[in-house]
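Heads up: the sequence lines are chains S and U, in that order.
Numbering-wise, this note's numbering puts 229 at position 229 of the first sequence, and it's gapless, one number per residue.
Numbering-wise, this note's numbering puts 215 at position 215 of the second sequence, and it's gapless, one number per residue.
If you are wondering where the hints come from, they were derived from the structure by calculation, not from laboratory data.
There may be inaccurate statements among the hints.
[Unchecked claim] Computed from the model, here is a short list of chain U residues facing chain S with C-beta under 8 Å:
(1) Leu50
(2) Leu52
(3) Pro72
(4) Arg73
(5) Arg75
(6) Pro83
(7) Pro87
(8) Val88
(9) His89
(10) Trp90
(11) Pro91
(12) Leu92
(13) Leu100
(14) Val103
(15) Leu106
(16) Pro108
[As the list claims (entries may be wrong)] For lysine-lysine, the following DSSO-like pairs were computed, each having C-alpha atoms within a straight-line distance of at most 27 Å:
(17) U:Lys159 to S:Lys235
(18) U:Lys115 to U:Lys77
(19) S:Lys235 to U:Lys77
(20) U:Lys159 to U:Lys115
(21) U:Lys12 to S:Lys235
(22) U:Lys77 to U:Lys159
Beta carbons: idealized from backbone N, C-alpha and C, even for Gly.
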Amino acid sequence: MIKSLSDRPWALNFILLAGLVVAGVMSGMFGQVNLSPAQFFGALFGSADNNLTIIVRELRLPRILIGILAGATLGYTGAALQGLLRNPLADPGVIGVSASAGLGAVIAIYMGVSALFELAVPLMAMGGALVATLILMTLAARDSSILTLILAGIGISSLATAGVSLVMNFAPSPMSLQDMVLWMLGSLENRTFDDLVLAGPFILLGWAIMIGVGQGLNALSLGSEAAYSLGVNVKALRWRVVLGTALSVGAAVSVCGAVGFVGLVVPHFVRAFIGYEPRRLLLPSAISGALLMTLADIVTRLPIGHGQLRLGVVMAVIGAPVFIYIIFKTRESMR
Amino acid sequence: MTGLCVENLSVKLGGVTILKDVSFAVGQGEVVGLIGPNGAGKSTALRAALGLVERLSGSVRAGEIDVTSLEPRERAKLMSYVPQGAPVHWPLTAERTVALGRVPHLNPWQELSPKDEAAIEASMRQTDCWAFRERLVTTLSGGERSRVLLARTLAVEAKYILADEPTASLDPMHQLQVMDILRSEAAAGTGVLVVIHDLAQALRYCDRLVLLLDGTCAVQGSPRDVLTDEHLRTAFGVEVSRWDENGLQFIVPNRVIE
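Next up, chain S with everything else stripped away, as it sits in the complex (with noise of 0.2 Å):
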């Protein structure tokens, strides 16, 4: 741990935020046209020809914010649910909602109703997103310990897996099952403000819900008793993260296809810098994921190998081995 960070948090996300920007403009800058830093803002703030305009407004600006709300989403969400259910290996994906919106994806490339309107994929797995969410909600309204919600979540996502499937079994040709398989893959390529609009308000609603859930999950790490005798509603809370949680998290994986990893290393990685206080990881993780989302859709661009680099393997390329470093890191002070 390195200590003059975890003495100052805000330090952290300072420098976090000033990498986020400085990679922010990087991607605005790369691509099959590559920009210097004063045509990228001379594009940005309407002073270029139109061309570039065009492409900087209108096709790498709604990947760039795409990307930053999706990867703080991915950040924020893993460390909430690290903290909520007392586990570093919990991770958005746990709860069932990113492989439900796969679910909803592939079943819009096997209609072959995307072909008939761009949206269509997102639509739909924002539909399954909301369906497994509501499928949750359900399961454990009646009994909402943390294991029925994590047993629900695996049911759910070992269902909607399933369903992955069958649908690329029954694939109608080789493009849709090929279409089906890049969106699993992960991408941020295309990406319009028709996306953004679509899947934001979700984002948004969901960051909402779990706004301020800080001190709660602090309390958490006594046990939900210890917490409930200091003044948390752990019910409620329970509700809070798990809803925003399948929202934001729904709503992003719906636009960017099923990118893994963030939201179980980027908690990891912010800890190396100021240690294990739930609290005190939600806001790094936040913009450390939106930096990673950012990074890796930089990588995508690369002309490495034949063919495009699909987001949500550059993730997991990246991400696997600083997981796997992270754990030897710090496998003394977890013991």
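Dock chain U against the given chain S, drawing on the hints supplied.
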């Protein structure tokens, strides 16, 4: 009646009656011990008073206030709880663990104020754990950890402390230390309700005792009146030895009654 009053408390868990019409009270400045054999309902009585288990009937009042009607944070500032063998799920430093006792005093956005910091330091000094405030709780010994968790409870600065076997699994020195701390809290005006198994400590440290038996209140009163040979035979099925030393009374179970 002033103090924390539990009246006609009944609790059913899983269809089984655990407590039936139990009443007792803890005044401010007083240490009240809940004693009784395993399964008598001591922990349940404590947890029902806190609202951790649902009551079938009965009331919990602090003075004129119905505790059930309080906002969770107000209730938390009134009664703080020492759970039995409580876990700490993350490797937090001792100081940040104790700081969790200030949660009832903070809104979601508030950081610790100098007043909170002062309460944390005072309770850590009182429990003798200020010296290792920077260490991770996961690296502490069992005794050090219980002291940190006790400091966490004291840091709430509640009017009443409800402690469930706070001396369990502690060595003799730390057992005495914990009871001394609870006594000194009472001297400072706090009401202390403590589930306790050690009869000698119950006799020595408590102002009054409540003997629970099969979910009912068998007898309550001063330790002398409660810890009679007859009561101990009926409740625990043991014979005891007693002696006096330097003006202190001691009592130790020595034989199981056939």
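Exercise. Looking back at the hints listed earlier, which ones does the structure fail to meet?
Worked result: none
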